[in-house]
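S.K.: Each protein sequence line maps, in turn, to chains A and B.
Each residue of the first sequence is one higher than the last, beginning at 1 in this note's numbering.
Each residue of the second sequence is one higher than the last, beginning at 1001 in this note's numbering.
Hints in this document: simulated from the structure, not taken from any laboratory.
Just to be clear, a hint being listed does not mean it is correct.
Cβ-Cβ distance ranges computed for the label pairs, FRET-style [as the list claims (entries may be wrong)]:
{"no.": "1", "chain 1": "A", "residue 1": "A177", "chain 2": "B", "residue 2": "P1140", "range": "54 to 64 angstroms"}
{"no.": "2", "chain 1": "A", "residue 1": "P241", "chain 2": "B", "residue 2": "P1075", "range": "18 to 28 angstroms"}
{"no.": "3", "chain 1": "A", "residue 1": "G140", "chain 2": "B", "residue 2": "Q1294", "range": "26 to 36 angstroms"}
{"no.": "4", "chain 1": "A", "residue 1": "A118", "chain 2": "B", "residue 2": "R1216", "range": "55 to 65 angstroms"}
{"no.": "5", "chain 1": "A", "residue 1": "L245", "chain 2": "B", "residue 2": "S1205", "range": "38 to 48 angstroms"}
{"no.": "6", "chain 1": "B", "residue 1": "T1163", "chain 2": "A", "residue 2": "I259", "range": "25 to 35 angstroms"}
{"no.": "7", "chain 1": "A", "residue 1": "L195", "chain 2": "B", "residue 2": "K1093", "range": "51 to 61 angstroms"}
{"no.": "8", "chain 1": "A", "residue 1": "A182", "chain 2": "B", "residue 2": "G1096", "range": "50 to 60 angstroms"}
{"no.": "9", "chain 1": "A", "residue 1": "L262", "chain 2": "B", "residue 2": "N1116", "range": "24 to 34 angstroms"}
{"no.": "10", "chain 1": "B", "residue 1": "H1167", "chain 2": "A", "residue 2": "L262", "range": "21 to 31 angstroms"}
{"no.": "11", "chain 1": "B", "residue 1": "Q1294", "chain 2": "A", "residue 2": "P241", "range": "32 to 42 angstroms"}
{"no.": "12", "chain 1": "A", "residue 1": "L245", "chain 2": "B", "residue 2": "S1307", "range": "51 to 61 angstroms"}
Bear in mind that the values here come from a model prediction, so they are computed numbers and not experimental data.
Every residue, glycine too, gets a C-beta built ideally from N, C-alpha and C.
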Amino acid sequence: MSKFFKRIGKRIVAGLVMILAVSSFTFFLVHFMPGNPVQTKLNTLIEEGIPPLQAQAQVRSMYGFIPHQPLYIQYFHYVWQVLHLNLGKSISYSGVPVMHLLLKAMPWTVIMVLTGLAVSFIIGITAGVIASVKRNSKLGDGLLLLSTFLHGIPQFIMALGLAYVFTTIFKIFPFGAPYNAAISPGFTIPFIGSLARHAVLPIAAYAISGFGAWALTMRASVTSVLGDDYILAAELRGVTPSIRLRYIARNAMLPLFTILTLSVGFMFGGSIFIETIFDYPGLGYTINTALAARDYPLMDGAFLMITAAVIIATIVADLLYTVLDPRIQRI
Amino acid sequence: MGADLKVIGNADQDAQVECQIRDLTVTFTTDSGEFPALNHVNLDIIKSKITAIVGESGSGKSTLGLAILNGVAFPGKVTEGSVDFAEHGNVLKLRGKALRHFRGPVVGTVFQASQNAMNPLARVGKQILDLGRSHHYKDPRKLLHEAENLARRMAMDPSRVLTAYPHQLSGGMRQRMGIIMALVLKPKVLLLDEPTTALDLLTQSAVLEIIRSIHRERHLTTILITHDMGVVAEISDYIVVMYAGRVVEQGSTHETLRDPRHPYTRAILRAIPRLTGDLNRARPLEGSPPDLTQIPATGCVFRSRCSYRVPQCDLVAPILESVDTGHFVACHQEGLIRD
Ligand SMILES: Nc1ncnc2c1ncn2[C@@H]1O[C@H](COP(=O)(O)OP(=O)(O)OP(=O)(O)O)[C@@H](O)[C@H]1O
Ligand SMILES: [Mg+2]
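Bound-form chain B, shown alone (with noise of 0.2 angstroms):
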């Protein structure tokens, strides 16, 4: 343990682990199957720094997320690997009360349904109240203080926020609140699952810009989950991407969106009209998700989507290797894909 996790090859001199992941393999046992939703991931979470993860709908990125927080609950079980957080050890080893403590105070969470996070029953103030009173804090008026504070940077009016009973706030408002409740704890860690999806564009913006100003100057280590690249080329550092429960490319965001090697990284960066700026070069990427009780047992998960495929792809899974200092990719064809 102890804060001297290794850093696996970074471009950055100075960069540091906040969160390392081996081997995490998160299986689901469900009446059409067993299939694991995570497959051997190994990330290793920078310190300081914002971290994208994108891929497509059940690609596992909410999983990931989940196991980060020690929560993959029933259907769902880690089967293997380990989740080490520079201060706190293996969290998959944590339990009880070490592990209340950790969720919140250590890593503040927006889930992805973070619309309908809050008890219908209780106006929103006294639910910030709870969640001091449950992480031992002894002054609830600086608590309140604080998520008053971060309304109003957040354009809500808080007292008119924290009186109100869930049901009277918007969609949107709502998953600001939910921000808020991440952040009043002032966790070091922020792990953001679709925070912004019920927002407009230009609140969308602006609620991303506080996070990222927050994220300046406390500090903070922060996993922003996302299908949208634009936001990714636009706040992240780093970016992973996820394919069949599979990190199949990762690297730091200007790295990556400027040289994709991983086909997938590549349909995906193409199928979006507004970082290439052409709109005839826009193209969906064909095919549909694949359906994780189906992946054959060998060979490459994306091979059937896939236009640069090789019989060595059937038969031998890529392993995430390093194409450049901190650039890493799974697929036996990368050296061939350049434009």
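Chain A with its partners taken away, still in its complex shape (with noise of 0.2 angstroms):
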């Protein structure tokens, strides 16, 4: 069990400096952007007549920057500020800290998220099975072609054509915000169906658009484990279909805890589209309204937030291979 333990570990040190690296990344990016910002906004403050050193201090408290300061002390002054969690505090919402504003924002994009991720891989993988064992019908075909469309449509198209086909032509669901704003909040059955019935097109929309990738990758990976000379002899031996779909399968789907990571990462990314089309307040949207109001320090933060969950995935999709593949030493 300890070399299960080390495997985690490192990963988990590994995660962390991809945090740093990312989080240093965004800090150079930030103080090097043409009409630096932070100098930006400093000459503001002091236009507007408020003294240099509390200009300062303020600027400081919002980005988290000491202008001034030679630029690696300002880096190892923004690092650990991250260390400890403090992401500055937000210019749009002026002065809420950054922090809150993620924690608020997160729970819509994670749920979200996890569930287009679980409904694509559900249905991607059985598609890809399908395709592969009837790869010589015209199913096969249909599905082989269906998925490569669809993976190869962009999120936001996805996300666009389903909102007008599904409440603007046939007025099946509604349109825009997670809920309806008449029903109050709470844990009464009103508010959680307005809820699920509002959640359905934004997580199509994060289903369809990762479904492809499950299933074409699914499709390759079922076809050469039917190759695989213990599926023959399962079958010269007798042993019932069902059994040996459970072979197929169970081999079949190690490879896809490759691809899990990027299909989070890239399901993370549509969230800017999709959240935005669909009026969620969630990581996606923050990102965007950041963007247009130019909210520095928001926009960093919610960017390693999505760094993060990226790596969480990772470890999350190592730890699953680990479990599932006894070919990995685990003792």
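Both chains come to you apart, so use the hints to assemble them.
M.R.: Okay, structure coming up:
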């Protein structure tokens, strides 16, 4: 078991290094951005008649930067703050800590992305298995074509298309906002029902855009497993089709964990479009408004959160892989 | 159907046929063309005996094994012939459940790639239970018990090998597990396709000895596909020599090894020092194994490598004919072939 924990420990350390790298990158990006926003803000404040020292303190509390200090001191200060989970204060929501805003936005995104991921995974691997087993038939060809097609559609087009078809042409689902504002939030059936109804289209957007990748990978993987000796051997020993399918599915699923991370990143990236189109106050929406308002601390924080989410997904994928494949040493 | 398959001719008066193969032709369709991997194979597998099938790589031995299980898969196809089992009829006609319950409980098989014949993600014991479940075994403990006994006989620690994942076993252990999985359902026919290739010589002879004793205890009909003429001489009762998808010689092992009549059989026997005991006389077979896509449509398939070749060999393909009771040879010149 100790090797198992060593492996997780290594992954977590690697994850922290990654987070550090991303936060450093954003620091320098913001710092070297044309029309340095920190300096601009400082100048604006001074122009507004705020004494320079006070202006500096204000900028520092916003960005976590100390203008006029040497760059490396600014950098260490920033990293130190990030390590203490202090992401500075928002500019557009003046004075509200970024962490506070992100924690409020996070659940929307995480729940939607995870649900979308689960739905796309289940539909995708099912379609992949069928597409592979029936690969010499119309059904298999059709599924392959559909997966390739859906895989190629950008998420924002998918989201817009779904919104147009199901809220405008056929008024089946409500559009915009995560729930009906007329219903007071609470743990009540009408409210939860409203949440669910509003969530259908955005989740479908995530699921359909992610489905193709799962289906295509699963199809290739199943096709290779089908040619493996132990599957033929099981067939020639008279093992039932259902048990054989279990052998095939479990073996074919292993390579999928390597794209789980990619998929999570892809979906979090997609949240920028999907949440904006469907008016969900999640991380993607936050990034979009932060971009529009040039709210750099908020933007940095949101990117950092997404990085953290992808890294956590990597660790989870690795863990699952270790549990599912006995060939990876655990002892 | 029924248990009355006719014996074509056998020195042994009591011989009964377990499996009768007639005109079996299997064609593969590949990018390099269409070719028969088995070409009108006629064969009787005698009940309760060990029949060895020998021949060069690519001669169609594994294909024959698969055809016996009605398991020839794309891009291969049985285009002609029948495989009749005494109580099951033509297995090439079996489909679905009937076929599934034929494979396993009737014919236990060890495959050529038997080192990779287990699901890497499941423990060995679990896979034996899956086998039991597939064939409606009522008492899984009895099945495991049987597997444990067999493991012990094959010199493996049952508690270790049954709880292991396949990758935790050595190649030889996996191969022995393959034999156990073929025997555990107590089939009446045992089909072994090079079952001991991953074993060292000592383990190999021990395992063959176990196979032979189980064969005797359970009155199994055993089909053993092998390259190893030493093994053939040691444990088989009958021998079938294949060349380019055809049976070229067939008979009792004793008779055939003593008096081989087909030039190919003679050549492979000469290639083995350990039978003749004379290293100087051991000569490898000249020429290369035939390319099935390039075989001429007429004449004998072996003629290009044959030192007894006569003009007739280019024109007429020899058919398998009886030269003695139960000894068949497909050669125009067999009468001349004597030491
Ligand atoms: N899946 C396949 N696709 C195409 N050709 C095949 C396939 N399987 C077998 N063959 C061809 O059929 C012929 C007989 O093959 P087979 O495996 O029966 O030979 P074998 O006698 O068992 O040889 P070996 O001693 O090497 O195991 C070969 O020419 C081989 O190339
Ligand atoms: Mg073979």
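S.K.: For each hint, tell me whether it holds in the structure or not.
M.R.: To see whether the hints hold, each was checked on the structure:
Between A/A177 and B/P1140 the beta carbons are some 56 angstroms apart, a value that agrees with the proposed interval 54 to 64 angstroms. For the pair A/P241 and B/P1075, the supplied restraint of 18 to 28 angstroms holds, since their beta-carbon distance comes to about 22 angstroms. Between A/G140 and B/Q1294 the Cβ separation comes to about 35 angstroms, which falls inside the hinted range of 26 to 36 angstroms. Take A/A118 and B/R1216: their Cβ atoms lie about 57 angstroms apart, and the range 55 to 65 angstroms holds.
Here the CB-CB span from A/L245 to B/S1205 is close to 40 angstroms, well matched to the stated 38 to 48 angstroms. For the pair B/T1163 and A/I259, the supplied restraint of 25 to 35 angstroms holds, since their beta-carbon distance comes to about 33 angstroms. Checked against the given bound of 51 to 61 angstroms, the beta carbons of A/L195 and B/K1093, roughly 59 angstroms apart, stay inside it. At about 59 angstroms, the CB distance of A/A182 to B/G1096 agrees with the hint of 50 to 60 angstroms.
Range check, A/L262 to B/N1116: about 30 angstroms between beta-carbon atoms, so the 24 to 34 angstroms window is met. Distance hint check for B/H1167 and A/L262: the Cβ-Cβ separation is about 28 angstroms, which falls inside the suggested range of 21 to 31 angstroms. The given range of 32 to 42 angstroms is respected by B/Q1294 and A/P241, whose C-beta atoms sit roughly 39 angstroms from each other. Checked against the given bound of 51 to 61 angstroms, the beta carbons of A/L245 and B/S1307, roughly 54 angstroms apart, stay inside it.
The earlier numbered hints are all upheld by this structure, with none contradicted.
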